[in-house]
Every structure is written in C-alpha cells, then in structure tokens.
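Visitor: In case you want the letters, here they are:
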Amino acid sequence: MTAFLSPDPAVLDPAPLDPAPLDPVAALERMMLIRAYEETLIDLHGRGRAAGTCTAVGQEAPAVGVVSALTADDLILTNHRSAGHLLARGADPGRMLAEVMGKRDGYCGGKSGSLHISAKELGVVLTSTIVGGELALATGVGLSRTMLKQPGIVACFFGDGAACEGRFHESLNLAAVWNLPILYVCENNQWQAFVHRQETMAADGIAGQAAALGVASAVVDGNDPLAVHDAARTAIAAIRRTAKPFLLEAKTYRLRGHFEPDDQSYVDKAELVHWRGRDPIPRLRDRLERDGRLTAADAARIEARVRATMEAATAFADASPYPGADALTTDVYA
Amino acid sequence: MTAFLSPDPAVLDPAPLDPAPLDPVAALERMMLIRAYEETLIDLHGRGRAAGTCTAVGQEAPAVGVVSALTADDLILTNHRSAGHLLARGADPGRMLAEVMGKRDGYCGGKSGSLHISAKELGVVLTSTIVGGELALATGVGLSRTMLKQPGIVACFFGDGAACEGRFHESLNLAAVWNLPILYVCENNQWQAFVHRQETMAADGIAGQAAALGVASAVVDGNDPLAVHDAARTAIAAIRRTAKPFLLEAKTYRLRGHFEPDDQSYVDKAELVHWRGRDPIPRLRDRLERDGRLTAADAARIEARVRATMEAATAFADASPYPGADALTTDVYA
Amino acid sequence: MTTMTVNDAISAALAEEMRRDPTVLIFGEGVATKRRDLLEEFGAARVRNTPLAEGIIAGTAAGAAATGLRPVIDLLFAPFLCYAMDEIVNSAGKLRYLSGGQFQFPMVVLAMTGAGWGVGAQHNHNNESWFVHSPGLKIVMPSTPADFKGLMKTAIRDDNPVLVFADIALGYTPGEVPEDAEAIPLGKAALRREGTDVTLVSYAKTVGTCLQAADALAADGIDAEVIDLRSLKPLDEAAILRSVAKTGRLVVVHEASRLCGVGAEVAALVAEKAFASLRAPVLRLTGPDAPAPASFPLEQAFVPQPDAVVAAVQSLMLDVVAA
Amino acid sequence: MTTMTVNDAISAALAEEMRRDPTVLIFGEGVATKRRDLLEEFGAARVRNTPLAEGIIAGTAAGAAATGLRPVIDLLFAPFLCYAMDEIVNSAGKLRYLSGGQFQFPMVVLAMTGAGWGVGAQHNHNNESWFVHSPGLKIVMPSTPADFKGLMKTAIRDDNPVLVFADIALGYTPGEVPEDAEAIPLGKAALRREGTDVTLVSYAKTVGTCLQAADALAADGIDAEVIDLRSLKPLDEAAILRSVAKTGRLVVVHEASRLCGVGAEVAALVAEKAFASLRAPVLRLTGPDAPAPASFPLEQAFVPQPDAVVAAVQSLMLDVVAA
Ligand SMILES: Cc1ncc(C[n+]2csc(CCOP(=O)(O)OP(=O)(O)O)c2C)c(N)n1
Ligand SMILES: Cc1ncc(C[n+]2csc(CCOP(=O)(O)OP(=O)(O)O)c2C)c(N)n1
Ligand SMILES: [Mg+2]
Ligand SMILES: [Mg+2]
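From first to last, the protein sequence lines stand for chains A, B, C and D. Here our numbering runs 325 ahead of the position in the first sequence, where the first position is 1. Here our numbering runs 325 ahead of the position in the second sequence, where the first position is 1. Here our numbering runs 4 ahead of the position in the third sequence, where the first position is 1. Here our numbering runs 4 ahead of the position in the fourth sequence, where the first position is 1.
Keep in mind the hints are simulated off the structure, nothing from the lab. Hints may contain errors.
Stated by the list, open to error - Within a straight-line C-alpha distance of at most 30 Å, the following computed BS3-like cross-link-like pairs (lysine-lysine) qualify:
1) K576(A) with K594(A)
2) K474(A) with K445(A)
3) K157(C) with K38(C)
4) K250(D) with K576(B)
5) K192(C) with K277(C)
6) K38(D) with K277(C)
7) K192(D) with K250(D)
8) K38(C) with K445(B)
9) K250(D) with K192(C)
10) K192(C) with K594(A)
11) K594(B) with K576(B)
12) K192(C) with K157(C)
13) K192(C) with K474(B)
14) K594(B) with K192(D)
15) K38(D) with K474(A)
16) K250(C) with K474(B)
17) K38(C) with K576(A)
18) K192(D) with K250(C)
Said to hold, decoys possible - Listed next, the stretches of chain C that the computed footprint assigns to chain A, with coverage defined by at least 3 CB atoms under 8 Å from CB atoms of chain A:
19) 91-100
20) 109-121
For every residue, glycine included, the Cβ atom is placed at its ideal position computed from N, Cα and C.
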C-alpha cells in the first residue's frame, strides 16, 4: 500500500524559550484587570457610551493560564470573548476600550468594535465573531509557521459552541494530517449564547472528539489559572516535541449573560449559584491568603492599581476622536 | 442543573416489518446487475452517447447488503456513486440510463443526469453530488419521520471523503442529540477522488469518530454482501429499539477511477491488485459454487438474464426522446 | 388595527401559521429560549433549540421540507448564512429542478441584516442579492410590521424556499397591523407615496429614508413617488415600470453595496423596458463597497441618508436629456 | 508566441510565480495528484493534496495569507464555493478592513464554472456575481489562454484575495500566448473587435459567442464592438463607457442568470453614466433563472447563443428613441 508522508513536517525551534512558571499573585492581578475591564465595559454600555458586548466574566483563568504559557513568537486566534486573551497578552486596556467605543486609537482604528479585535504587534491575528472562524484560520497560521520555519506555535481559543460547527472537525483533522503546531483551547463554559451545552451535544465534552481525529487532548479545571497554566505548558511542550496539534479543554462557566445586557432569565439558578461559588478570582485570592502568599493589604494595593489602570484607560478612550468619514472606505483593498 | 430532554423522542412502529434474510443467490444477481449497469454506462460514454460518470465498481456489496435490509417505509439518501443503491432498491435500469443520457423518461426527466438522481416512488430522496449534501439533508428526513410519526428509518450513504467535510460532524451530532432514526452508511472505499484516504485523515477510519459524538457504530467487511446485510439488520434493529442513529462503516475499495474515463495512473498498483482479489462478485460466486449453492449453469443463466435486462434498458433509454426546450425553465418553482 | 413591532409581527405570523398547520415547526440557535411563548403553546417538538451549526440547521430544514414538514429556521445574522450556502443554494434552491419536480422545499429562512447596532461586518452584511441571483429561491424584505406579518405568513405557506430578511433597525419599530391581516402575496410592491416627478425605489429600512427625502423634496416643489419592493424575488416589475413610465426618473436606494445589488437589477430592468420613458440617468444610492464598520459614526455614514437622496433627485431634475 | 490551452496557461502561470516567489504554494483536493509537474518541481510542502473540506481549505489559505504566505487554492467547481463562503467573504474579504489594515490576504481561489459537461447544477453554477457584490474581493474571469496566464500571475502577486473563474468549456481551447507574457493588470477590459453601431459586453466563454454574432452582424452591415471584461472587479468602467459613448447601444451577454448578475451591473452603470449617449434600450442576454440542467440539449439551451445576440442587436437597431 502506498505510504503517504505528511509533507514537510514542522521544523520548530529545537530549544524554544520556555516562559517562567506562572507567579500566582501576578495571575491574580491579571485576572482582576480582565474582570475590571469587562465591568468597565458593561458600565459604559449601561450609560450608552459603548455598544453591547460579550464578556467572559468567570472565565479569566484559561486566558491567563494559557497566554502566560506562550512565548513572544507564538500567535493567537480567538473568538468573540477575546478581551481576556488580549489583556493577558499585554494589550493596552485604553486602546481596547477605544476600539470598542469605535475610536481612532483603538487597535483597529474603530472599525472592529468589540467583536473582531486583532493586534499584530501582540501576535493576535484574529478575534473571530463568526463562531468557528478562528478554527478555520488557525490551520493556515500553523501552516505559515511551519513553512516559513518560524519557531512560534499557534494558540486558538474557541468555545464549546464552536465545537458543534463543522469547522471544528475540519480544522482538527487537517492539523492532525499536516502536523500543524496548534494548541486548540476549548473554553467549555457550558453555554452557547442562549442554549445550554447539554442541549447541543450527546458527548460529555470536547476532548474525546479531538482524540477520535488523532489529536492528543487533555481536560483541565478551567477555573484554576495555575492548573490551566501547567496543562498548557505540558501541551505546548508536546506540540514542540511532536510537531503535532494538541487540544486542551478547560471546563468553566459563563457567569454573565451572552451579550450585555442579558438578564440570564433562561439560566438554571442552582447551576449559576454552583459556579459562582467557583469564581476563579476569589478562589485564587482565598487560596493565596490561606497560604500566606497574599495579605489583605496586598490585595487592596492590587485592586487600587487595577482601578487606576482602568480609569486611565477610560480617560484615554474618551479622549480619542472618532475616525474621520474617509475611513469608511480605506483598508478595504491593499 | 437543568435537565434538557431531547424533544419528542422518535415514535417508531413498535413491530416493524423485518425484511427476510438475504438470499445469497439473489444478492449475487443484484450485484451482477449493478456491475453490468455500470459497465454499460462506461461503454455508452466511450461511444460518446452518455456523459462521463462516477461508478462504484467493486462496491456493490454495501449497496445490496444494506438496501436489502430496509423495508418499504424506509427512505434513502445517497451520493454521487448511487447507481447501486438505486438498483438494489429496485430502480428500473432503463429509466436510470435514460436519466444519465438526459432523456425525458429518466427518473428526473433528464434534468439530473447521473449525479443527482432521486426517485420518490422508491423512497430515494436524494443523490447528492455535493459531497456531504446527503449528510446535511438526512437529519431533516429523519426529523420528518419522527414528527410525522412515520415508521420508516433513513439510510444515508456517504463516502470516507464526505467524513472529512464538517457536515459529517454536524449531522451526526444533531442526529445524536435529537434521537433521529438514521442509519449512516459510510462506504469507506479508500479514495476521495484523486486523493487516498491516508492523506486525508490521521484516524484509522470513520466509526471511532461517530462514537466520539455519541453515535453507536460498527465496522464491517464491505466486500461481503452477506456480512453487510447482517450488520445492517442489527444496526436497524438497534435504531428501532433505541430511536437513536447508528453508523455502519463498510471497508471496501473503488476498483475503477473517480470519474469515467480515468486511467488510475495515480493508484498504487499493489493496492489495486490486492483489492481486485477481493472483488465481491467473484468472491461470492466462488463461495456459492464451493458451497454447492450455485452451479455453472445457474451462473450462466443469471448472466444471461442480466445481459438481457441491460439490453432492454439500453434500448428503452435510446428510444426515449430528449426533453423539449420548455423543460429548461419548468420545475424551478412550485 | 393593533399596534405592534416588527419582531412581534413576525412572532404573530409564526403563531398563527403554527396553529393553522401542524407541519409548521421552527428551529435554530436559541429559538426555544427566546420564543418562550411559541414553546409553551406548541411544545418542544415544534420549537427547538439546535446545536451551533448553521449548515446542518439549513440542511435539516431542506430534508424535512422535502418529506412533509414546513420548517422555519432562524439563522440569526445574515453573514451566518455563509455557513449554510450549500444547503440553501445547492440543495433547497436546486433540488426541485434536478429531481424533475418530484420533491419540493417549503421552508423559510429568517435572518437579520443592517446597520444600527455597532457590531461590525461579521454580523452586518446586506447579502440579499446573492439569493436573488440564485435560482429556485424567493426573497422577502419588508419595511413595516403589517408587511412582515402578511409576508411571513405567505412565506410559510409557499411551497418554495423563502428567505425573509429583517433589518435590525426596524425590529422595534411599531406600526399598525390589521387584526385580520391576511397573507400578503409575494411579488407585489407597495406604493408608499404617489408622485409624478421621480420614482424612488427601495426596500427595508431605506424606504423610510426615501419617504423622508420625499417630504423634503415636496417642500422644494418636487413630487416623488416611493415604491417599497417588499419582495425582491419575485420582483414586481410592473409596479416599477408603471411608475417610471409616469415620472421618467428613477433613483434606487438600498443599504447593500452597489455592485450587482438589487439596485443594479432595478436600474437594468428600467434601462431595458422603460427606456423610452426615461428622461434622466438612473441613479443608485447604496452602501459603499466596503465591509460594515463598527464605529458608530462610520456605521451611520455607511447607510444612504435622506439628504443624499434629495441631492440625487435634485441633480436629476436639472439633467437635460440628450437624444 | 507559443500555443497552449487555458489549462496549460494556468499551470504555466503557477509554475512561473512559484519559481519567482518561495511563499507561493498551492493546495486543494487532488492538486498534488493532478499537478504532478508542479509537485516534482516544488515539492510536497508547496503542492499539497487536502482532505475533502472546502471550508478549511479556504480558511487555511486565509490564515496563511495573513501570516506571510501566498496560497493558491483550487476549489474545483464553483458550486463547491458554497462550503467556503464564510472563509472567502467574512474572513478573507472583510478582515483587512476590520483589522484597520493590520493584516492582508494575498490569496487566489480557483474554480470552474459553466456548461458543457452535462454534470448538472451542483457542478455548474455561474455564481461569480456573489463575489463581485462582496467587499474586499477581486474577481477575474478571462476568455483566452494569454489572459489566463497574465491575469493569473497578477492575481498571485496581488495583495488581496482574488477569485479566478475558469469556464470549463474553455479549458482545452488552445490560443497564442506570448513567450514573455507579463502580468496583465486587473481591471482592464480587452477590446476584441472594434465597431461603431453597438457595444457587446461579455466575459469568459460568451465572448466567443459575441464575436461570432459580430461576424454575422457584419454580413448584415451592422458593425459591433466587442468588449471582453476579463476582470469583473475591478470593472473597467471607462472602457465600457467609452464604447457606449461611441455606439449608443449596448447588449450584455453572459451565462450566469440575469437577476443581479454582472449584466445588471454593466447595464446600470451605463444607464447612469452614459445615459446621454444611449440611443436604444440596454439589453441583457443571460442564462435563465433556473439551475443548470444535465440533459445535453437543455444545457445548450441554457447558454446564450450567437443567433440570439444577433436578434437582440437587430431589434435594437430598429428601436426608435423616444425622448
Ligand atoms: C456562525 C455564527 N453563528 C452564530 C453566532 C451567534 N453567536 C455568537 S456567540 C454564540 C455562542 C458561542 O458559543 P461558544 O462557542 O460556546 O462560545 P461562548 O460564547 O460560550 O464563549 C453564538 C451562537 C455567531 N456569532 N456566528
Ligand atoms: C463539496 C464537494 N467537493 C468536492 C467534490 C468533487 N468530488 C466528487 S466525488 C469526490 C470524492 C468523494 O469521496 P468520498 O466521499 O470518499 O466518496 P467516493 O467518491 O469515494 O465514493 C470529490 C472530491 C464534490 N462533488 N463536492
Ligand atoms: Mg460556550
Ligand atoms: Mg471514498
């Protein structure tokens, strides 16, 4: 029988720079910044100053845990709940707010709004608002890494809902066949807009589906940034070693509605209460306080810093002008 | 946690008519008719009298084995290699040839040609030439069976190539979640047009992928009609019992090229020789002769009957007129 | 008469048709969550949430339509139709024909289009002309609650696939709906304003733009006729030609971009069949050949505004016909 | 000059560009099997077979294009583009804009269209106008081997997504190709025949139809000008307007169906910008609003024929302009 070799197996940097293990206090602060950013947005929307938006309140752990495991060479593709991924990557909250408010100093000059933010300087190739779009493009980004002999891997964040789209199947299958260096991160937050995950799949989760396509996978507590970080580091090491993709499923929960404002009237209260009790931010803070790694004073200092950052960010975004009318038709064609 | 019940579980006929076990001599004759039909088509094409076409030479066993396990209430959706499925269902080879030749007496009045033949009177809802189209529509046909309280199940034939399309994933997932009475039959013939299956999937086959989506599955020797028939009967019984879908993967081989004419220059010769040795027709005939169930005279009689059928069919199709010019724009809108 | 919004009119049409015909059902992402009243009245079999997968939603509709049901599917935003193009175009649109008329595809596809929400081009794309161009499909895009109700009912009863596009900016617009609103036939435009000097042809949100422009023009002594197409396919050619025969001037207005849009079709129709009546060039005012931006002021600039319509008409009134 | 077929011209363009630029690669279902010579010259990394999944093929191209490669993908038949609409329209077409110009998408999508093979409507659908209507994309649809070669080279070098449609009936048509064929700019129509009485605008296979009609008309004393658009977007508006300014009469011919097709765009353009020159109605000869049938005589009847073009022109020459 003919032996078909996968063309040009990925040539990856043999000894990639490994990021330092995650500092839990830094992780806490980053999660708090993400939370504060999204709360600021909700507030701005409530006051009619920003369009409605998708938040990822309660899902800060996968963002911080995975992104902190990436090196500068790695590239990111993500979905409509991307603020945490961007902020974890070091995005400027002022420029992000400006983007959401449609201002000229936003990362995309105001053309994206909240739903399609990309930031080339940070290696964020795509926020896809088409559910599944990030999965469709990730393989190409992986391919360019391989063919251009770039050391980076690709982190592709998507939801449990995206796993119902056919592109999930097509993307993982191609990545497996072509040996693409992609870390698929499924943030399984139990919701797909207004539909509970249990209504959309007979399978218990996503990881088993990856395995059936020949993609190695693992499941992790998605409300624990340190566990996520460790799992991501292990997965990334495997990707670099094997030049094959890997899927990490982070089990977590969307604590707020699908798109602000949303009264969550359709959400089972007991389930919500259960998961509120696992909110990753108080959970980590309590643990650090219990372990004596964080004092109340430390926590207060962090909180003040985060608040100041968001105030400055809001002021920056406020001050930024709207794009001029000519911007309507620029950037369409190269 | 909210318990989501699948709406309206399929109400199926409690004691459906079970077809008789397959008569192996009848199976042989049906496979020979299918083979003769496709050889006739190839010949007609060679003489410029029919458009090029896809044949399923070597894959007659899944067609005969599965279709003979269906009852009259069951519906069929299939793909571009559908001639065997239609003939196994009792289609008139004359009307089929007429269709391929674009004649008025074809099943679709000549509008389909070889690639989209449907035949309502036979319960053949669709031949999809869009690879994956049959998977996309099968769920709807299953849904109408369930909601209209029809006893039939749905048999959906597709290839290993179709299993690479996202619709495969979406179709099985929905069928699993909605409890649709669908027998998915994957004819894994190792080829996807000009690409070998090993170039397109890291997984070893299709059945494991179904399992990961919560669809029960089985693998069967696709060059043995009796084995296929038994597996199909078991699968159909499970579908009726559980009101859930089932996937049957028949491992077989496409003995001719993708689309006639095709010199198969890209095919590994050893692989082809290997599978030619497993051609289902001589294989079954030899077995029946060895078992004393078929004499040389019987075989000759069958051959003569098949030849006569195809001669009559060709004459019928030849005699059928082309559709009139007005047919160009009829049947577009209801 | 009752007053209701476009969204309510769509729901009312759905409820009435589901009551009338037990084969009508609706499904889509969040349909059962968001249409609680339908769920309660008709049950979980006929009002269904689906997995997040537009292709299989549309394919399921097509398969169900071919075998005895009348599905309505909600695909949410028009750009998401991209994931269902095969099922809508290659299956629902073509298989009646390819089967020689053996199977038909009575199904309705709902989708939202248009600016106003600041969500950008992956949620906002007026792609209706793709479907007008494709055989076997019908396309409806009303502008008032009464028309939404009447045309939605007709769409559900029609034996062909019908796409119903709802401009999101119209969703919460209230309007009068007759109590006994009956199905409104597809393919009939509505004359929103009679006039003699120029014909403004539009559909969806920009019908209102044209009416505002017509008021402004009236102050200027220019008497504009405003035609609301309502149904883009079948297209009410007679209504357009009749009006242009009277006015001799035509401006087509829509939010979709210009190239190969519905405006191109209307202009080409008139350039062929009402050429002798034309007294001035045919103008189109459309969205630009650009994706829809999220930024509020840019999003507003994307959509043709009344003053641009006024200016276009004024330029036509000055235009001298060369023979 | 060398003589080669359209298919060979495409292959030659691919080989030359792959030689020139190491970031160019090609993939698709069967690409490596069918383009053996490319595979041998450029290796398995740059000439790849793919799984059977058009969506991920196009998505992979878009992702690769955004990050440094110049992919060419072969999606085989135009109806299969339905599975890749999201990646082509919502990603490749819109993301440059939505990113504020940060990313660009230099990629080429190849697909075949048109009648002649008796394969029916799921393989044969001239859907090019969908993409003309969509922002951020360029569309090329040549009629000669030389143009295929030159425009394919330009398409590969262009920093935008370009769709190249090849009419299957042209595939084996031989033609002269200059040895040193250079890239032909997008957006330039070719004047195939000069004339003074009527302008025939077409593209792809029906350019030949128009040339045949022009010969027949010449025998009748009618002098037709024939314009081959070659590139549908950008569209060479100037060439069309220049010609109609001279002839005063326009017939647009294409195989795609009429409603919202490229013919509608050309007619609307002329009705706006060359109105003063028009001496007769603008006519369109197109495929019907029907899926493409497989049956040979029906398939032939689907495509506009030279005698229909002749008849249309003759009717225009009789037409008297009413003022
Ligand atoms: C193709 C497509 N279909 C539907 C939507 C509407 N929509 C936006 S987010 C969402 C739910 C996505 O669920 P999941 O992938 O689990 O991500 P999550 O929102 O839970 O983070 C839906 C249905 C969309 N944006 N794109
Ligand atoms: C959507 C789509 N893509 C590509 C094709 C071209 N094509 C026709 S058959 C075929 C191979 C199908 O492989 P498989 O599903 O395994 O079926 P088989 O031909 O082996 O029976 C391809 C690529 C098509 N018809 N439809
Ligand atoms: Mg989710
Ligand atoms: Mg196969």
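Visitor: Work down the list of hints and note, for each, if the structure agrees.
Guide: Going through the hints against the structure:
1. At roughly 19 Å between alpha-carbon atoms, K576(A) and K594(A) fall within 30 Å of each other, so this suggested pair holds.
2. For the hint linking K474(A) to K445(A), the alpha-carbon distance of about 19 Å falls within 30 Å, and the restraint holds.
3. A distance of roughly 20 Å separates the Cα atoms of K157(C) and K38(C); the hinted pair therefore holds under the 30 Å criterion.
4. With a CA separation close to 66 Å, the supplied pair K250(D) and K576(B) exceeds the 30 Å bound.
5. For the hint pairing K192(C) with K277(C), the CA-to-CA distance comes to about 18 Å; that is within 30 Å, so the pair holds.
6. At roughly 48 Å between alpha-carbon atoms, K38(D) and K277(C) are farther apart than 30 Å, so this suggested pair is violated.
7. Restraint check for K192(D) and K250(D): satisfied, since their Cα atoms lie roughly 19 Å apart, inside the 30 Å limit.
8. Note on K38(C) and K445(B): the hinted pairing is violated, with a Cα-Cα distance of about 37 Å set against a maximum of 30 Å.
9. Distance hint between K250(D) and K192(C) is unfulfilled; the C-alpha atoms sit about 39 Å from each other, more than 30 Å.
10. The suggested pairing of K192(C) with K594(A) is violated, with an alpha-carbon distance near 49 Å, which exceeds 30 Å.
11. The straight-line distance between the Cα atoms of K594(B) and K576(B) is roughly 19 Å, inside the 30 Å bound, and the hint therefore holds.
12. Using a Cα cut-off of 30 Å, the hinted pair K192(C) and K157(C) holds, with the two alpha carbons roughly 15 Å apart.
13. Proposed proximity of K192(C) and K474(B) is contradicted: the alpha carbons are some 38 Å apart, above 30 Å.
14. For the suggested pair K594(B) and K192(D), the alpha carbons sit about 49 Å apart, so the restraint of at most 30 Å is broken.
15. Taking the CA atoms of K38(D) and K474(A), the gap is near 27 Å; set against the 30 Å cutoff, the hint holds.
16. Between the alpha carbons of K250(C) and K474(B) the distance comes to roughly 56 Å, so the proposed pair goes past 30 Å and is violated.
17. Pair hint K38(C) plus K576(A) holds up; C-alpha atoms about 26 Å apart against a cutoff of 30 Å.
18. Taken as a hint, the K192(D) and K250(C) pair is broken in the structure, with Cα atoms around 39 Å apart against an allowance of 30 Å.
19. Counting residues of the segment 91-100 of chain C whose CB falls under 8 Å from any CB of chain A gives 0; the rule of at least 3 is not met.
20. Beta-carbon proximity to chain A at under 8 Å applies to 1 residues in the segment 109-121 of chain C; the threshold of 3 is not reached and the given coverage is violated.
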